[in-house]
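Protein chains: 2
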Amino acid sequence: MTDRGPGAGQDAGVEGEAALSALSELLRDDMQACNTAIVARMDSPVALIPQLAAHLVAAGGKRLRPLLTLASARLCGYQPSGQVARHVNLAACVEFIHTATLLHDDVVDESQLRRGLASANAVFGNKASVLVGDFLFARSFQLMTEDGSLEVMAILSKAAATIAEGEVLQMVTQNDLSTSMERYLEVIHGKTAALFAAACRVGAVVAERPATEADALEGYGTNLGMAFQLVDDALDYAADQRLLGKTVGDDFREGKITLPVLAAFEAGDEAECAFWRRVIEDSDQQPDDLDRALELIAATGAIDATLRRAADYAERAQASLRPFPDSRIRGLLGEIAAYTVNRGR
Amino acid sequence: MTDRGPGAGQDAGVEGEAALSALSELLRDDMQACNTAIVARMDSPVALIPQLAAHLVAAGGKRLRPLLTLASARLCGYQPSGQVARHVNLAACVEFIHTATLLHDDVVDESQLRRGLASANAVFGNKASVLVGDFLFARSFQLMTEDGSLEVMAILSKAAATIAEGEVLQMVTQNDLSTSMERYLEVIHGKTAALFAAACRVGAVVAERPATEADALEGYGTNLGMAFQLVDDALDYAADQRLLGKTVGDDFREGKITLPVLAAFEAGDEAECAFWRRVIEDSDQQPDDLDRALELIAATGAIDATLRRAADYAERAQASLRPFPDSRIRGLLGEIAAYTVNRGR
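First to last, the protein sequences are chains A and B.
Residues 0 to 344 (numbering that gives the first Met the number 0) make up the first sequence, in order.
Residues 0 to 344 (numbering that gives the first Met the number 0) make up the second sequence, in order.
In isolation and in its complexed conformation, chain A is listed as follows:
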């Protein structure tokens, strides 16, 4: 994957989605039980809560994170005892935490509003998004309490704190081109990889497997999450995505510091660096600036650089699966990592 050109994103996306679909299909019963649990547990006598939650949760998406919990549990040989399917309930927990962070992530600042950016929460408003996110977050802890494992609670509450830290860090590095690579990686670890890692580790924990297997799955989740977010950040500047009618340039408009921008800035000459400072640091963007940014990013190989790094993480994710005997689930998890790309969030 190291010598792929720009546009590799979509190919990887298609193949990655095939592996994802195959894994969902293989774990169809678990996934259906998880969907049922999600719908049942997001209910509330306050009607707006299930309405708004349904907007995100029930409407679907690929459910990648709960799938990771279910697959990890099954990879570790977990068998539900009696009526209690712990992996299903905890997969629902993971999805609730993810959905809560999505809802809160959509809350826009006054300043962003002024720049005229609409957000998904436009339908219900900022406040509703925040409060329903809080409800889902609280509900996820109720589900964990019902599950009763302190180890699981420690994993998921730590992940929740790390996500919030990552999101805050992303906010404070916004518009700051002096952000180091290390800091950027910390941001994407917090905002994405931490929950992937926790989702996987929880699967090993319910199967009551030794710590080495839990560590291995956590490593898989961490590296998959890093790869996933890097590709996501690359696709936001992939000019040919726009040809396919997909949104490009959201990160650009927000002045978000991602690897494509950092790489293009580092490789840029004086005029190019001045351009990046104006559009990212000063948030002074003209109608043609996105096109210019896409050109610069393509010309400096910044997409390539981002995808190469994603490929490194993907390889590490695959390597993390080595302790497990060969199986269909292991194979599919490996494929998902290899192709990495999944936009279905």
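Some clues are possibly wrong.
You can't tell identical chains apart in this list, so a pair holds if it fits in one copy or across any two.
What the hints assert, rightly or not - Here are the computed lysine to any residue pairs in the SDA-like style, where the Cα-Cα straight-line distance is at most 20 Å:
#1 K157 x S43
#2 K157 x P49
#3 K157 x A39
#4 K61 x G124
#5 K255 x Y183
#6 K157 x Q141
#7 K255 x L184
#8 K255 x D104
#9 K157 x F323
#10 K61 x P79
#11 K61 x A337
#12 K61 x E334
#13 K157 x L47
#14 K157 x N34
#15 K255 x P209
#16 K157 x D281
Hints were generated in silico from the structure; no laboratory data involved.
Fit chain B to the known structure of chain A by using the hints.
Using the frame of chain A, we list chain B on its own:
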């Protein structure tokens, strides 16, 4: 307390605060340990988190909710064993949950922004308030996990869900004068009484007292919380508060449905009802409208009606303490309930 006139609020406030101060003083060591725990556990390598949290948490306030946990635990005879002071850590948890809800409560909608209302989060922005609130919420669950009691986790995660439901319900009843009394009481139970109740119950649980005592303290907390919020809602329309330089009319400007408004609307003649519909339902407010509202509320005895209901809850709170033998803590908890008013949130 049933025949007190308007303005009773402040007198009650002074006496209530004296009892509160006395209880804080009696439990000074516990309160100091709790403050230390709060400051230590809101720390994060992401500097903005302790900065913003300090804005609300470390800056103080009366810390009523953690005080309730500490007092309940001590009332039940709790003695920390060794280095672990469970009541202190859980009191910090309770304060984190409260602070998270305060931060999220300050988040404003686009529509509200347009109406020109500033909020406390103006310094840091909506997004920072949301994310730091999330961090504190996650951190509170980490603290609970360290404590290790599933019973405590069930109490506090349920309270957190109930708070979110109450806040959503408050949002959907906003500007709606057809809101029933029952619905209003449901809102204030969720937004305020649920956490008071949980804070108290947790104290009994760490002391490992029988369920009857936990139920009694939960009853105390519920009724105290209801009284507290009713008085809070009354003071927002207490004209003489304004003479003292305090803010009056926040609820009015937001079109919040509180008992003073419901009572004045119910008691109003045709012209008065038209006035309420315009200012609350249509959010069409002119500069003199707050004065008119204060006059109508005073004239219809709506403050009185609200304080009478608060007094009923306060009496029930006192009655809830009957199972406990006489003690200084019980006496002060009773006084706090009797005088009810506490603005120090």
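Here's how the hints hold up against the structure:
1. Taking CA atoms no more than 20 Å apart as the test, K157 paired with S43 passes between copies only; the shortest distance there is 12 Å, against 26 Å inside one copy.
2. Within a single copy, K157 and P49 get their C-alpha atoms only as close as 26 Å, which misses the 20 Å cut-off; across copies the closest is 17 Å, which meets it.
3. In this homomeric assembly, K157 and A39 come within 20 Å of each other (Cα to Cα) only across copies, at 16 Å, whereas the closest approach inside a single copy is 26 Å.
4. In this assembly of identical chains, K61 and G124 lie within 20 Å of each other by CA distance neither inside one copy nor across copies; the values are 25 Å within and 32 Å between.
5. For the homomeric pair K255 and Y183, the shortest alpha-carbon distance inside one copy (10 Å) is at most 20 Å, but the shortest distance between copies (42 Å) is not.
6. Both within a single protomer and between protomers do K157 and Q141 lie at most 20 Å apart by alpha-carbon distance, with minima of 16 Å and 6 Å respectively.
7. In the homo-oligomer, the alpha carbons of K255 and L184 lie at most 20 Å apart inside one protomer (13 Å), although the nearest pairing across protomers, at 44 Å, exceeds that limit.
8. With identical chains, the CA atoms of K255 and D104 are at most 20 Å apart within one copy only, with a shortest distance of 13 Å there and 27 Å across copies.
9. In this assembly of identical chains, K157 and F323 lie within 20 Å of each other by CA distance neither inside one copy nor across copies; the values are 26 Å within and 38 Å between.
10. Neither within a single protomer nor between protomers do K61 and P79 lie at most 20 Å apart by alpha-carbon distance, with minima of 24 Å and 48 Å respectively.
11. Proximity of K61 to A337 under the C-alpha cut-off of 20 Å is restricted to the intra-copy arrangement: shortest distance 18 Å within a copy versus 55 Å between copies.
12. In this assembly of identical chains, K61 and E334 lie within 20 Å of each other by CA distance solely inside one copy; the values are 16 Å within and 56 Å between copies.
13. In this assembly of identical chains, the alpha carbons of K157 and L47 lie at most 20 Å apart only when taken from different copies (18 Å versus 29 Å within one copy).
14. Proximity of K157 to N34 under the C-alpha cut-off of 20 Å is found in neither arrangement, the shortest distances being 25 Å within a copy and 22 Å between copies.
15. Taking CA atoms no more than 20 Å apart as the test, K255 paired with P209 passes in neither setting, with 40 Å inside one copy and 54 Å between copies.
16. For the identical chains of this complex, K157 and D281 are neighbours neither inside a copy (35 Å) nor across copies (45 Å), given an alpha-carbon limit of 20 Å.
This entry does not satisfy hints 4, 9, 10, 14, 15 and 16, going by the numbered hints stated previously.
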